[in-house]
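> Taken in order, these protein sequences are the chains called A and B.
Positions 1 to 504 (our numbering) are the ones given, in order, by the first sequence.
Positions 1001 to 1432 (our numbering) are the ones given, in order, by the second sequence.
These are calculated hints, taken from the structure and not from any lab test.
A virtual CB, placed ideally from N, CA and C, is assigned to each residue, including glycine.
Honestly, I wouldn't trust all of these hints.
To be verified - Derived contacts from chain B toward chain A, CB cut-off under 8 Å, selection only:
| hint | residue |
| --- | --- |
| 1 | Val1222 |
| 2 | Thr1225 |
| 3 | Pro1243 |
| 4 | Gln1244 |
| 5 | Lys1292 |
| 6 | Arg1294 |
| 7 | Leu1297 |
| 8 | Glu1304 |
| 9 | Ala1308 |
| 10 | Ala1310 |
| 11 | Thr1311 |
| 12 | Gly1313 |
| 13 | Ala1421 |
Residues per chain are reported as follows:
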Amino acid sequence: MRLELRAITKRFGSLVANDQISITVEPGQIHSLLGENGAGKSTLMNVLFGLLHPDDGEILIDGVPTTFENSGEAVRRGIGMVHQHFMLVPVFTVAENVVLGFEPTKSFNRVDYQKATDDIRRVSKEFNLEVDPDAIIESLPVGIQQRVEILKALSHDAQLLILDEPTAVLTPQEIDALMEIMRSLAAAGKSILFITHKLKEVKAIADVITIIRQGKVVGTAEPSASESELASMMVGRDVVLTVQKEPFSPGEDVFEIRDLVVRDDRGLAAVNGVSLDVRAGEILALAGVQGNGQTELVEAIAGMRPVESGTITLNGHDITNASPRKVLDAGLGHIPEDRQRNGLVMSMTVADNLVLNTPRRAPFAKRGTRNLAAVNANAVRLINEFDIRTESPQELVSSLSGGNQQKVIVARELSRDLKFLVASQPTRGLDVGSIEYVHRQMVNHRNLGNAALVVSSELDEVFALADRIAVMYAGKISGVVDPSVSRESIGLLMAGTITETAHD
Amino acid sequence: MSIAPAPAPTQVATFRPSGRTRIISIIMIVIGLLTALVFGLGSAASAHSSLTFTPINLANAPWHLGRLTLLTRWTNVILGLITVALGAEVFLRQPRRGVMVRFGVVAVLFLLALLLWASRAPGPSQVGYVNVTAVLIGSSEVAMVLIFGALSGLMCERSGVVNIAIEGQYIGGAFFGSVIASTTHDFFLAAIAGMVAGALLGLLLAFLSLRYLVDQIIVGVVIVTMISYLSSYLNLQVLTPYPQYNTGNLAPNLPIPLLSKIPIIGPVFFNQSAFFYLMLVLVGVISFALFKTRYGLHVRAVGEHPHAAATVGINVVRVRYINVVLGGAIAGIGGVAFMASQGQFQPGYTSGLGYIALAAMIFGRWRPSGAVAASVIFGLSVYLSENLQAYSIPISTEILGMFPYIITIVVVAGLIGRVRAPGADGIPYRHD
Chain A
1 MRLELRAITK RFGSLVANDQ ISITVEPGQI HSLLGENGAG KSTLMNVLFG
51 LLHPDDGEIL IDGVPTTFEN SGEAVRRGIG MVHQHFMLVP VFTVAENVVL
101 GFEPTKSFNR VDYQKATDDI RRVSKEFNLE VDPDAIIESL PVGIQQRVEI
151 LKALSHDAQL LILDEPTAVL TPQEIDALME IMRSLAAAGK SILFITHKLK
201 EVKAIADVIT IIRQGKVVGT AEPSASESEL ASMMVGRDVV LTVQKEPFSP
251 GEDVFEIRDL VVRDDRGLAA VNGVSLDVRA GEILALAGVQ GNGQTELVEA
301 IAGMRPVESG TITLNGHDIT NASPRKVLDA GLGHIPEDRQ RNGLVMSMTV
351 ADNLVLNTPR RAPFAKRGTR NLAAVNANAV RLINEFDIRT ESPQELVSSL
401 SGGNQQKVIV ARELSRDLKF LVASQPTRGL DVGSIEYVHR QMVNHRNLGN
451 AALVVSSELD EVFALADRIA VMYAGKISGV VDPSVSRESI GLLMAGTITE
501 TAHD
Chain B
1001 MSIAPAPAPT QVATFRPSGR TRIISIIMIV IGLLTALVFG LGSAASAHSS
1051 LTFTPINLAN APWHLGRLTL LTRWTNVILG LITVALGAEV FLRQPRRGVM
1101 VRFGVVAVLF LLALLLWASR APGPSQVGYV NVTAVLIGSS EVAMVLIFGA
1151 LSGLMCERSG VVNIAIEGQY IGGAFFGSVI ASTTHDFFLA AIAGMVAGAL
1201 LGLLLAFLSL RYLVDQIIVG VVIVTMISYL SSYLNLQVLT PYPQYNTGNL
1251 APNLPIPLLS KIPIIGPVFF NQSAFFYLML VLVGVISFAL FKTRYGLHVR
1301 AVGEHPHAAA TVGINVVRVR YINVVLGGAI AGIGGVAFMA SQGQFQPGYT
1351 SGLGYIALAA MIFGRWRPSG AVAASVIFGL SVYLSENLQA YSIPISTEIL
1401 GMFPYIITIV VVAGLIGRVR APGADGIPYR HD
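When you get a sec, could you build the whole thing from the sequences and use the hints?
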């Protein structure tokens, strides 16, 4: 299929999410759409898939102008989409998910599952995508679920496949497998639109790269372009992709976890016997695919989730099952995973958010009344020091950009007298410039001789920051390794295929 | 752009039942001990309980079964010990499945022991026997009403909308059903009237929660409250001065030839009103529609993951409208059925059956067959709470009236977090 987008424009109120975007995808081509979070990639894809209607511009399929009332129509016209958040019903079987909306039926409107299963077997054989049609989706690993999404699109006879940030939840090996599938689909004549913000992947797979920034196409590039060229096009200025670090000189153990068991909301042991040490002057990065217990581990450390068994020690104090206030008083700084839910009160001002975990403390309060002058002075100081872009300290934090919201949290945590910093996915959803900034702040904190635990599912971030890397899989530490190891061996640890405890 | 959480499949293997299973097992053991001590050893050693089986109305019983006489004390001690054993088994083995099924068995055993104890002779009761067939017939009427309600809740919740307004739809159906039945003397028209009343209330719920995304629980409660006052007002203004619009609406029994002559089973299952048979058909139709048809697959997809349904072109809001309106209509018929089993409309006489129906749906794990089983248990318990006074037992009517609700609390509390509601149940759908 030859797809042409001509001058697509989509506005949300005063925000122009897509501004006159034009892209052409040739049959059998892997066309990569590169842009930062918030650049308008997902909006564009939702327009193309019939989930949103463009305010202006047109979509041409094989030269014919087309409009889609809903995504069912887009599917019927041969467009398939693999969403970033999988659009699969977790309690349904593979077969039920694949046929949903396009069911073959028998008498009395009954779904013909026999035919459905046969069709799936045929398509999975044709494209070499092996899946058990009777398996329940939620029992499948993420990589296989993604395969089901691809299979779903193909069995509806998709000629153009949109892959929206498909690698975000995959291990490096699963990413390799996905790329293999993409190549073979392209070889079979399918067009592929690959949306990502990861430079390495683009270079590895794309035939053509279109870069968008702030809703506009800013240019195209060849896959042979260097990563820093691509990054500067994406960001609009030169960026430093590596963080400068002082040589590693670890001190005493500051933080210690022993045999920790923590349950998730469903009562399952999400953290199942984890032991870790973090020393002064060290960043320990905790790598792993999302959902392997990292979230629960961090919540347990921060006092936000009960510990079933095991101990957490910070600077000699036992903080197991202590309240968040006690944990903070013991010298823990916490940059939470979901900054808008757990890091900030969105309806409060920047100044108030900057004292959110010390509001009762002098000089911000005295005899039960707040000292607003001190709060304000603190805000002015931190806004300057951490380069927070805000109109005034009295601005609501919800009106700041994601990067600046994160800077508010980083400023608040790092300006306290910390013994230990826990940062969970500290740069998720941030633009490259903010990522650079947050990384520098954390490395500075470490260079001053402090300890930090950084939880990240982005391997680039792990390698940029870590002095040691621990990998978490299925609630356990599958290995603790030196950052000099290859991405492949980290990938194997992330997938749980090997476990090792290589002490440094 | 956040990343979808990806549960690691191996975590399932490390599952260990939570304290909740243990609490349920302890409740079971306590019930068992209570049964053995109070109902068993609390009865005089010489006391007997008699069970009779011949229905009071002999028209359909060309058979006669003798009475079964049991020693109250030892029968109840045995029932109590069985309950304790079931509780102990759950406590020790902590099975992952079937805990609530066992709890259902325990509830039935407890009710049976209570009945034997209440009817013991010599004892305080004037009635020295339990007519098993009469108890089953009485319970089946309540169960029928509950099943209509549970099916209504199920239709709505499978599509992702919580229908807590079942009680209101009962009341609406009962009111209009009574007026139409009194004026036309035609129960078919009465059922249609009740259906329309229930469907309109369903439409109101759907409109507010789907168009304006109002909290579904609040809308539901508001509808119930509004309808109960409205029906009281209309009752006072219309039905009290003109009693001819609200009288003599007892639905006739339609015995099925031959089958109705089977001992016990016949009078309970095959000598019922048309509403009862309609309920049986409905259970089958809804089971088939939800789990075999294309329509059902769409409904369940919308209830579990509306965005996934939307991406394949299913109109989420339309599916929800259809199901909520259908659910309302079903509850409306339930209201007519209730009215037809009582003979007329009275304000407030549904007394919370709609909420028990919702609990039966949860107990039945959002499945029609489960809802039927749960409704039978709740039906038995509601019937007994209303009829045990006849045995002049030393428990006040009001306390007995609490009985079904206590079971409801235990069941629902025991089930939350244990059975899984449809993924998007009660969550408004925003198109984005």
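> Does each hint hold? Answer for all of them.
To see whether the hints hold, each was checked on the structure:
1. Taking 8 Å as the C-beta cut-off, the interface hint given for Val1222(B) is violated, the closest approach to chain A being about 28 Å.
2. The beta carbon of Thr1225(B) is not positioned within 8 Å of any beta carbon in chain A (closest approach about 32 Å), and the interface hint is therefore violated.
3. Checking Pro1243(B) against chain A: minimum C-beta separation of about 46 Å lies over 8 Å; hint violated.
4. Of the supplied interface hints, the one on Gln1244(B) is violated, with its beta-carbon coming no nearer than about 45 Å to a beta-carbon of chain A, more than 8 Å.
5. For Lys1292(B), the interface hint holds, the least distance from its beta-carbon to any beta-carbon of chain A being 5 Å, beneath 8 Å.
6. Satisfaction of the interface hint for Arg1294(B) is found here, the shortest Cβ-Cβ separation to chain A being roughly 5 Å, below the 8 Å cut-off.
7. With a least beta-carbon distance of about 6 Å to chain A, the hint placing Leu1297(B) at the interface is held under the 8 Å criterion.
8. Taking 8 Å as the C-beta contact cut-off toward chain A, the hint placing Glu1304(B) at the interface holds, the least distance being around 5 Å.
9. Given hint, Ala1308(B) at the interface with chain A, holds; its Cβ is 4 Å from that chain's nearest Cβ, closer than 8 Å.
10. The beta carbon of Ala1310(B) comes within 7 Å of a beta carbon in chain A, closer than 8 Å, and the hint placing it at the interface holds.
11. Checking Thr1311(B) against chain A by beta carbon gives a least distance of about 5 Å; that is within 8 Å, so the hint holds.
12. Among the interface hints, the one on Gly1313(B) holds; its C-beta lies about 2 Å from the nearest C-beta in chain A, closer than the 8 Å criterion.
13. The interface hint given for Ala1421(B) is violated, since its Cβ lies 11 Å from the closest Cβ of chain A, which is over the 8 Å cut-off.
Hints 1, 2, 3, 4, 13 from the earlier list are contradicted by this structure; the remaining hints agree with it.
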